[in-house]
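Participant: Turn these sequences into a full structure, and let the hints guide you.
Line by line, the protein sequences give chains A, B, C, D, E and F. All residue numbers for the first sequence refer to my numbering, where the first residue is 629 and numbers rise by one. All residue numbers for the second sequence refer to my numbering, where the first residue is 629 and numbers rise by one. All residue numbers for the third sequence refer to my numbering, where the first residue is 629 and numbers rise by one. All residue numbers for the fourth sequence refer to my numbering, where the first residue is 629 and numbers rise by one. All residue numbers for the fifth sequence refer to my numbering, where the first residue is 629 and numbers rise by one. All residue numbers for the sixth sequence refer to my numbering, where the first residue is 629 and numbers rise by one.
The list treats identical chains as interchangeable, and a pair is accepted whether it falls inside one copy or across any two copies.
With a straight-line cut-off of 20 Å between C-alpha atoms, the simulated SDA-like cross-links for lysine to any residue are: (1) K651 / N729; (2) K687 / Q640; (3) K687 / R658; (4) K687 / N697.
Don't read these hints as lab results, they were simulated from the structure.
Number of protein chains: 6
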Amino acid sequence: MTGRAFFIGRFQPFHRGHLAMVKRILESNREIIVGIGSAQYSHTGENPFTAGERYETIKRALDAEGIHNYDIVPIPDTHVHSVWVSHVTSLVPRFDIVYTNSTLSFAFFGEHNLKGSPPPSWNRQQFPA
Amino acid sequence: MTGRAFFIGRFQPFHRGHLAMVKRILESNREIIVGIGSAQYSHTGENPFTAGERYETIKRALDAEGIHNYDIVPIPDTHVHSVWVSHVTSLVPRFDIVYTNSTLSFAFFGEHNLKGSPPPSWNRQQFPA
Amino acid sequence: MTGRAFFIGRFQPFHRGHLAMVKRILESNREIIVGIGSAQYSHTGENPFTAGERYETIKRALDAEGIHNYDIVPIPDTHVHSVWVSHVTSLVPRFDIVYTNSTLSFAFFGEHNLKGSPPPSWNRQQFPA
Amino acid sequence: MTGRAFFIGRFQPFHRGHLAMVKRILESNREIIVGIGSAQYSHTGENPFTAGERYETIKRALDAEGIHNYDIVPIPDTHVHSVWVSHVTSLVPRFDIVYTNSTLSFAFFGEHNLKGSPPPSWNRQQFPA
Amino acid sequence: MTGRAFFIGRFQPFHRGHLAMVKRILESNREIIVGIGSAQYSHTGENPFTAGERYETIKRALDAEGIHNYDIVPIPDTHVHSVWVSHVTSLVPRFDIVYTNSTLSFAFFGEHNLKGSPPPSWNRQQFPA
Amino acid sequence: MTGRAFFIGRFQPFHRGHLAMVKRILESNREIIVGIGSAQYSHTGENPFTAGERYETIKRALDAEGIHNYDIVPIPDTHVHSVWVSHVTSLVPRFDIVYTNSTLSFAFFGEHNLKGSPPPSWNRQQFPA
Chain A
629 MTGRAFFIGR FQPFHRGHLA MVKRILESNR EIIVGIGSAQ YSHTGENPFT AGERYETIKR
689 ALDAEGIHNY DIVPIPDTHV HSVWVSHVTS LVPRFDIVYT NSTLSFAFFG EHNLKGSPPP
749 SWNRQQFPA
Chain B
629 MTGRAFFIGR FQPFHRGHLA MVKRILESNR EIIVGIGSAQ YSHTGENPFT AGERYETIKR
689 ALDAEGIHNY DIVPIPDTHV HSVWVSHVTS LVPRFDIVYT NSTLSFAFFG EHNLKGSPPP
749 SWNRQQFPA
Chain C
629 MTGRAFFIGR FQPFHRGHLA MVKRILESNR EIIVGIGSAQ YSHTGENPFT AGERYETIKR
689 ALDAEGIHNY DIVPIPDTHV HSVWVSHVTS LVPRFDIVYT NSTLSFAFFG EHNLKGSPPP
749 SWNRQQFPA
Chain D
629 MTGRAFFIGR FQPFHRGHLA MVKRILESNR EIIVGIGSAQ YSHTGENPFT AGERYETIKR
689 ALDAEGIHNY DIVPIPDTHV HSVWVSHVTS LVPRFDIVYT NSTLSFAFFG EHNLKGSPPP
749 SWNRQQFPA
Chain E
629 MTGRAFFIGR FQPFHRGHLA MVKRILESNR EIIVGIGSAQ YSHTGENPFT AGERYETIKR
689 ALDAEGIHNY DIVPIPDTHV HSVWVSHVTS LVPRFDIVYT NSTLSFAFFG EHNLKGSPPP
749 SWNRQQFPA
Chain F
629 MTGRAFFIGR FQPFHRGHLA MVKRILESNR EIIVGIGSAQ YSHTGENPFT AGERYETIKR
689 ALDAEGIHNY DIVPIPDTHV HSVWVSHVTS LVPRFDIVYT NSTLSFAFFG EHNLKGSPPP
749 SWNRQQFPA
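Facilitator: And the structure:
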């Protein structure tokens, strides 16, 4: 059981696969911070929802499951990868481990000696897009 | 009792006056969203703490008081006042009323027909800076 | 006859179809503001001309037709859709109705309760690109 | 009589002194482009009005005087002085001479071999701020 | 023999073809400034290396060849083509001639009356990517 | 004798005190990288010279002293202190120690476990501003 996990994604939208992932992360961590990436974008095919809409969706989904040991933080893209980890760590409370589906994000945190974890595998059959 | 209140400030740092204000806001609102303004700034005299540090401080202070019906959202400055309300509402869950110590912020939300409230008065003697 | 219409496009370049559209808009509006979108871009295949060059082309085309009840406003892209309407309304004089070929722009203004109009249809055969 | 003059200012607000200056510029120039500087700023003591409000004020003032050979262009600040002249010339139609009250702007245009003119003197007594 | 040449590229990475080009440029110029374009980007397929890593690679490559009459300057992209030449000339020491493989860059400098030269041809067979 | 030192300043302008500092730094380091801060600013009282002009001045001053083991890197301000060290390290070749007159810069590098050194003292009498 580590302390606080950081789970970063765009969540466009937050779906049952994401929810399952939050639950598995909380099996081995005391708390979770959900980082909403590309926070400034909305109203497009790739990014339909605003960060505020995504915040509300995630909050409702976790509350409905009786999960309360979470925090949510919108994180705007910087588009400059070399400063991204500093940008993220300036915006969120301290955390002990990173979970992400993005190989790139995973690599970035590794360069900064932040312990990362590949996302726990799940049955994609079970959670179709 | 209205629904969800939005309380915006820089919280550099979050102090007992802010805490008293959160409590009073929750006397007439079901939930509160605390918006951390000037979120990108830190390491200066005016803005010593990062948004992440401020997030953590506010979270601990409210949890210690047994307050759990809150959300916290870091909000970077845009420096372009004409888009500020749209920027804020894109980043936070929907809210019904705005509380702020900033006359300027108060005026901005008024222009957008968002109901605002001047901050409930408190005894500054009681909470010296 | 409404008051002032706002017609937004990139006008790369302003062509006979655009001119016909201006004329039809002025059949039911007293004045027109022509907004030059993506104003900061130029020198590419998609955006060959600067906003200044486009401004001059539109001005000459309308003057040549004896149209004088127009204003032209260059409008830089923000790339953050949630603030786009606030950005536009801060840069141009007040208007009563929006005309645009962009479904996205049309939807944005609708969210802000600004009356929009789909562009009056025209015979594309008559105005080949 | 030169061709087209460019007159740049913030016009917060456009006052009788500015109007007098426009008239004098038009004594020796065929047309005038009025550039609204710091276009993105508003809602502060130094920059109370949006560019759109300033655009409308200038338009009404000139129309009321029977002046019609003008164009108005909002110009956002870049804060990077070395690119400012390129930024301005990309946004406005071509011009032959620059008028400005700003010594700095005057110097910038001079570096780019754009002919500038110190503003024609006027009786400040006659147009108190 | 002209004075100082400016050679701009992204150098992702700097390869033997670039080195050959530097040598040929120095056959007819006294010194060379190597501009590292897209300096803020890294960690992607198109831009794998940081500007600092590219700086170091170029420096080592030229030093290993006994070339010492060079300077290196990282140049961030502005994405606004109309100000690009002003941006570049503000960041680098004065130069007399521009070398670039980019037709677009070549055209930009031409607009500013900066003498440009198409890159000296080389045998691509000899320097495969 | 450590490896490569990084000396960051604005150098508006580079003066004899800076030159003396470069010499002292090179007494205990094999090479020096001179970082030109606030690189995008020029044409003001506080920042009169462009980064290119400052680059050229420093280069001439060091060459005139027979110093050749240096590199110069223009570094634009980000205004977001939390990402500043990542920004700097992405733009310059790797270095082993930081020299700066800025207490703030000194603190930033310390947070990132980069060894810093307060600037070697010098006789200000000897190098009046």
